[in-house]
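Asker: As given, the protein sequences belong to chains A and B, one line each in that order. Mapping of the first sequence onto this note's numbering: position 57 corresponds to residue 57, and the numbering continues sequentially without gaps. Mapping of the second sequence onto this note's numbering: position 88 corresponds to residue 88, and the numbering continues sequentially without gaps.
If you're looking for bench data, these hints aren't it; they were derived computationally from the structure. Note that the coordinates shown come from a computational prediction; the quantities given were computed from them, not determined experimentally. Worth double-checking, as some hints may not be accurate.
List of simulated lysine-lysine pairs, DSS-like, C-alpha gap at most 30 Å [to be verified]:
id : chain 1 : residue 1 : chain 2 : residue 2
1  : A       : Lys63     : A       : Lys102
2  : B       : Lys41     : A       : Lys59
3  : A       : Lys69     : B       : Lys20
4  : A       : Lys69     : B       : Lys14
5  : A       : Lys69     : A       : Lys59
6  : B       : Lys66     : A       : Lys69
7  : A       : Lys105    : B       : Lys55
8  : A       : Lys57     : B       : Lys66
9  : A       : Lys102    : B       : Lys41
10 : B       : Lys41     : A       : Lys68
11 : B       : Lys20     : A       : Lys97
12 : B       : Lys66     : A       : Lys59
13 : A       : Lys59     : B       : Lys14
Computed far set for chain A versus chain B, every beta-carbon distance over 10 Å [to be verified]:
id : residue
14 : Gly43
15 : Thr49
16 : Glu60
17 : Thr65
18 : Thr67
19 : Thr76
20 : Gln91
21 : Glu96
22 : Lys97
23 : Leu98
Ideal placement from N, C-alpha and C gives every residue a C-beta, glycine not left out.
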Amino acid sequence: EDQVTQSPEALRLQEGESSSLNCSYTVSGLRGLFWYRQDPGKGPEFLFTLYSAGEEKEKERLKATLTKKESFLHITAPKPEDSATYLCAVQRGGSEKLVFGKGTKLTVNP
Amino acid sequence: GAVVSQHPSRVICKSGTSVKIECRSLDFQATTMFWYRQFPKQSLMLMATSNEGSKATYEQGVEKDKFLINHASLTLSTLTVTSAHPEDSSFYICSALGGGAMDEQYFGPGTRLTVT
């Protein structure tokens, strides 16, 4: 069974304090690993898709990396508007379904 | 681009009644749509996958007679919660494929259902 574990569950940072969120996964034949941002009471917003180990993608203050067992979402010099829950999901080969982790709730204090 | 809408955003209904939630892809044709349910502080749980013109595929443990899905066109899918009970209260979110790269699902804003 495909599993996704995100850590930590919650993270508080000061504005400008860089950190990383972790997503560990087990899946038979990874097709893609996805990162989403979710604000309270809203649907997830797509951030990145990573397909193979060693791949990296960047968007503003966010950088996602992928290994064979885990993915990291690095947040550089975060701002209060980066506060949200960050979700990781995996998709196995031959399937369109996504299996989500429980997310990391990030709070960035000014 | 790749905008998905849901209606209504919030609904309160009485136990025993049925509620319909609409999911629309506004600027693209969605080959496949998905319905998820999310409980507080929990991850998104896939309920079913729907393709235009065919029957939805439900995940294990999801009652197909209770959660009716109709994918009437390439831009519209509906979820009807029949004979709703308080335990059906949740945040229901749809997503759609087809608005970007092959594997990217774009999500709607969600519908908060409260059954009293």
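Asker: Run every hint past the structure and note whether it holds.
Answerer: Status of the hints after comparison with the structure:
1. Annotation: proposed proximity of Lys63 (chain A) to Lys102 (chain A) holds, straight-line Cα distance about 20 Å (limit 30 Å).
2. Only pairs whose Cα atoms come within 30 Å are accepted, and Lys41 (chain B) paired with Lys59 (chain A) is accepted, the gap being roughly 26 Å.
3. For the proposed pair Lys69 (chain A) and Lys20 (chain B), the alpha carbon gap of about 40 Å is over 30 Å, so the pair is violated.
4. About 46 Å separates the Cα atoms of Lys69 (chain A) and Lys14 (chain B), which puts this hinted pair outside 30 Å; it is violated.
5. Only pairs whose Cα atoms come within 30 Å are accepted, and Lys69 (chain A) paired with Lys59 (chain A) is accepted, the gap being roughly 22 Å.
6. Note on Lys66 (chain B) and Lys69 (chain A): the hinted pairing is violated, with a Cα-Cα distance of about 38 Å set against a maximum of 30 Å.
7. Between the alpha carbons of Lys105 (chain A) and Lys55 (chain B) the distance comes to roughly 36 Å, so the proposed pair goes past 30 Å and is violated.
8. At roughly 41 Å between alpha-carbon atoms, Lys57 (chain A) and Lys66 (chain B) are farther apart than 30 Å, so this suggested pair is violated.
9. Between the alpha carbons of Lys102 (chain A) and Lys41 (chain B) the distance comes to roughly 7 Å, so the proposed pair stays at or under 30 Å and holds.
10. In summary, the hint linking Lys41 (chain B) to Lys68 (chain A) is supported, as the alpha carbons are separated by about 27 Å, within the 30 Å threshold.
11. For a cut-off of 30 Å, the pair hint linking Lys20 (chain B) to Lys97 (chain A) stands: about 23 Å separates their Cα positions.
12. Restraint check: the Cα-Cα separation between Lys66 (chain B) and Lys59 (chain A) comes to about 41 Å, which exceeds 30 Å; the hinted pair is violated.
13. Distance hint between Lys59 (chain A) and Lys14 (chain B) is unfulfilled; the C-alpha atoms sit about 44 Å from each other, more than 30 Å.
14. Once the 10 Å rule is applied to beta carbons, Gly43 (chain A) is inconsistent with being away from chain B; the minimum gap is 4 Å.
15. Distance to chain B contradicts Thr49 (chain A) as a non-interface residue, since its nearest Cβ pair spans about 6 Å, not more than 10 Å.
16. Annotated as non-interface, Glu60 (chain A) keeps its C-beta farther than 10 Å from every C-beta of chain B; the closest such distance is 18 Å.
17. Residue placement check: Thr65 (chain A) keeps its beta carbon more than 10 Å from all beta carbons of chain B (closest about 18 Å).
18. Against the 10 Å criterion, Thr67 (chain A) stays outside the reach of chain B, whose nearest CB is about 19 Å from its own CB.
19. Remark: the non-interface label on Thr76 (chain A) is consistent with the geometry, its nearest Cβ contact in chain B lying 24 Å away (cut-off 10 Å).
20. Listed as outside the interface, Gln91 (chain A) is inconsistent with that label: its C-beta sits roughly 6 Å from the nearest C-beta of chain B, within the 10 Å cut-off.
21. Residue-level check failed: Glu96 (chain A) sits 6 Å from the nearest beta carbon of chain B, not beyond 10 Å.
22. Non-interface status of Lys97 (chain A) relative to chain B is broken: a Cβ of that chain comes within 10 Å, the nearest being about 6 Å off.
23. Not every C-beta of chain B lies more than 10 Å from that of Leu98 (chain A), the closest at about 6 Å, which undercuts listing it as non-interface.
This entry does not satisfy hints 3, 4, 6, 7, 8, 12, 13, 14, 15, 20, 21, 22 and 23, going by the numbered hints stated previously.
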